[in-house]
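> Just so you know, the protein sequences line up as chains A, B and C, in that order. Start counting the first sequence at 1; every next residue gets the next number (full-length UniProt numbering). Start counting the second sequence at 1; every next residue gets the next number (full-length UniProt numbering). Start counting the third sequence at 1; every next residue gets the next number (full-length UniProt numbering).
These are calculated hints, taken from the structure and not from any lab test. Positions of the beta carbon are idealized from the N, C-alpha and C atoms, including for glycine. Take these hints with a grain of salt, some might be off.
Per the computed footprint, the stretches of chain C lying under chain A, defined by three or more beta-carbons under 8 Å from a beta-carbon of chain A, are [to be verified]: (1) 11–19; (2) 41–53; (3) 183–197.
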Amino acid sequence: MIEILDIIGVFVFAISGVLAAINKKLDLFGVFIIAFVTALGGGTLRDVLIGRTPVGWMQDLNYVYLIIAGYFIAIFFRNYLNKLRLSLFLFDTIGLGVFTLIGIEKGLEYGLHPVICIALGTITATFGGLIRDILCNEIPLLLRKGTIYATICIIGGVLFFILRKFNLQDSINELVTSLFIIAFRLAAVKYKMSLPVLTIKS
Amino acid sequence: MIEILDIIGVFVFAISGVLAAINKKLDLFGVFIIAFVTALGGGTLRDVLIGRTPVGWMQDLNYVYLIIAGYFIAIFFRNYLNKLRLSLFLFDTIGLGVFTLIGIEKGLEYGLHPVICIALGTITATFGGLIRDILCNEIPLLLRKGTIYATICIIGGVLFFILRKFNLQDSINELVTSLFIIAFRLAAVKYKMSLPVLTIKS
Amino acid sequence: MIEILDIIGVFVFAISGVLAAINKKLDLFGVFIIAFVTALGGGTLRDVLIGRTPVGWMQDLNYVYLIIAGYFIAIFFRNYLNKLRLSLFLFDTIGLGVFTLIGIEKGLEYGLHPVICIALGTITATFGGLIRDILCNEIPLLLRKGTIYATICIIGGVLFFILRKFNLQDSINELVTSLFIIAFRLAAVKYKMSLPVLTIKS
Chain A
1 MIEILDIIGV
11 FVFAISGVLA
21 AINKKLDLFG
31 VFIIAFVTAL
41 GGGTLRDVLI
51 GRTPVGWMQD
61 LNYVYLIIAG
71 YFIAIFFRNY
81 LNKLRLSLFL
91 FDTIGLGVFT
101 LIGIEKGLEY
111 GLHPVICIAL
121 GTITATFGGL
131 IRDILCNEIP
141 LLLRKGTIYA
151 TICIIGGVLF
161 FILRKFNLQD
171 SINELVTSLF
181 IIAFRLAAVK
191 YKMSLPVLTI
201 KS
Chain B
1 MIEILDIIGV
11 FVFAISGVLA
21 AINKKLDLFG
31 VFIIAFVTAL
41 GGGTLRDVLI
51 GRTPVGWMQD
61 LNYVYLIIAG
71 YFIAIFFRNY
81 LNKLRLSLFL
91 FDTIGLGVFT
101 LIGIEKGLEY
111 GLHPVICIAL
121 GTITATFGGL
131 IRDILCNEIP
141 LLLRKGTIYA
151 TICIIGGVLF
161 FILRKFNLQD
171 SINELVTSLF
181 IIAFRLAAVK
191 YKMSLPVLTI
201 KS
Chain C
1 MIEILDIIGV
11 FVFAISGVLA
21 AINKKLDLFG
31 VFIIAFVTAL
41 GGGTLRDVLI
51 GRTPVGWMQD
61 LNYVYLIIAG
71 YFIAIFFRNY
81 LNKLRLSLFL
91 FDTIGLGVFT
101 LIGIEKGLEY
111 GLHPVICIAL
121 GTITATFGGL
131 IRDILCNEIP
141 LLLRKGTIYA
151 TICIIGGVLF
161 FILRKFNLQD
171 SINELVTSLF
181 IIAFRLAAVK
191 YKMSLPVLTI
201 KS
């Protein structure tokens with residue numbers, strides 16, 4: 001189940017990367033790099049930080065093929081896809097939920113503390129977009145005021161470890177947490193939830 | 001001794017990250033990431049480059065808790081802290097001296113050449129700020145004209161290895177080098193020392 | 001043979017980094033960092049991704065000395081070098097060909113799939129410039145419309161693995177592929193070949 005969702009997540013992140021890069025007027029190579037980074041940048045950073053090298057996509061080429069497929073599909077159907085923003089947003093949200101869980105699992109595999117696992121989940125799900133924004137020379141959307149995004153991964157991660165205390169089967173726990181993250185993100189967008197921006201009085 | 005200074009360094013770098021991020025109008029998640037990166041980005045890059053993975057803060061959660069504490073303290077007392085710029089500058093300078101030594105030590109542990117150890121010390125002490133500036137979409141302060149900063153770490157590192165030739169006890173050597181870096185930095189700011197910017201005649 | 005070309009490549013990339021950094025009005029430390037990153041950033045990223053740590057230049061100091069030499073030469077002769085743009089461009093092109101092959105070889109050493117080896121060759125040859133542009137706060141030249149560059153490394157890499165099927169001796173194969181990349185790049189500049197930039201109809 002999670003494998004299928006992972007495939008959907010990578011595929012959709014690649015497509016959203018293509019559309020973002022075309023809007024930045026990058027050339028065809030630049031568009032590919034942005035698609036790749038958006039889809040696999042978070043997982044790659046996670047692997048580098050925990051020492052899981054050669055990083056994941058170097059050992060499982062299916063990820064690379066998936067991005068190449070997403071790249072060509074997105075390029076050929078770009079005018080059409082642009083009108084499917086709502087569907088893309090839904091898949092992107094699924095990716096958010098699934099990638100968070102995958103990051104948490106990698107942390108558990110490496111015997112890391114829950115706090116670190118939650119950080120790894122959040123990095124996996126959200127830092128691809130952050131690297132994409134750095135490459136496009138923008139202050140990362142992730143760090144600016146907007147509907148909450150990374151914070152939902154953190155809250156979802158906390159829920160995962162709370163449920164785990166109750167000896168829930170891991171696969172059920174993963175499903176519940178993913179659905180929680182997805183539902184929370186949909187609600188956040190619908191109700192325009194955002195974190196405050198502070199000011200300093202001088 | 002160095003452990004206590006390390007704690008002070010991480011704590012103060014986190015606070016200065018919070019203040020910088022608030023000035024960039026990031027949201028509460030963005031502020032946390034900038035605090036984290038400012039405090040631990042340099043050490044994290046060092047660990048990745050030498051293959052010390054999972055990187056340091058993943059194996060010693062005290063660093064994470066320290067940053068979380070610094071984050072909340074800086075947020076609650078942000079108006080007050082902003083007036084304490086001088087004290088913060090002093091602590092930041094202590095961090096510079098201590099982080100350089102910690103980086104050098106990690107290099108020695110891995111049996112690396114003094115030149116590389118000095119590079120690692122400089123990366124540990126100064127590249128957190130460089131990554132922070134990249135995330136905030138600015139040309140890193142570190143690379144631009146300003147009172148000398150990273151160069152002091154390099155000179156301090158050279159001093160460390162010269163003193164080492166004289167069979168000084170490592171702990172005394174570390175203390176002397178740290179104090180040298182701190183004093184040099186204070187003098188650099190007082191006397192506005194800076195490196196030249198070159199021009200090309202065409 | 002390839003060792004000599006590697007030396008030329010690192011040296012010339014360092015010089016081109018110095019000239020670029022002076023134009024961005026960085027100070028002497030900033031200029032050094034940009035020279036370093038332009039010359040070794042691609043190989044460093046490659047080593048981190050495949051887990052070859054401590055990264056290459058930490059284990060072979062000749063690279064560091066080479067960059068220090070290139071740094072001082074470029075600074076002292078900067079007015080003169082600026083008029084040698086054509087010669088520098090030729091050496092830079094040699095670097096492109098050689099670095100691609102070095103990256104491919106590292107991938108083969110680690111037993112990675114040809115597709116990944118080609119990616120590693122491209123990263124080695126071109127991502128130093130990409131990191132340089134990020135540090136200088138520009139959208140990387142590599143991703144924008146311009147005469148094709150990284151794409152040539154990819155095509156060269158494909159050629160390498162096709163020739164390999166014919167049981168060519170590796171050293172001859174390397175020579176042929178490097179020359180192909182160099183000739184292709186020269187032709188690309190002469191005939192102003194570039195990849196298209198797409199648009200989206202809304």
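> Look at each hint and say if it fits the structure.
Now for the hints, and whether the structure bears them out:
Counting residues of the stretch 11–19 of chain C whose CB falls under 8 Å from any CB of chain A gives 0; the rule of at least 3 is not met. Counting residues of the stretch 41–53 of chain C whose beta carbon lies closer than 8 Å to any beta carbon of chain A gives 4, which meets the minimum of three for the stated coverage. Three residues within the 8 Å Cβ limit are the bar, and the stretch 183–197 of chain C against chain A gives 4, so the coverage statement holds.
Of the numbered hints listed earlier, the single one contradicted by the structure is hint 1.
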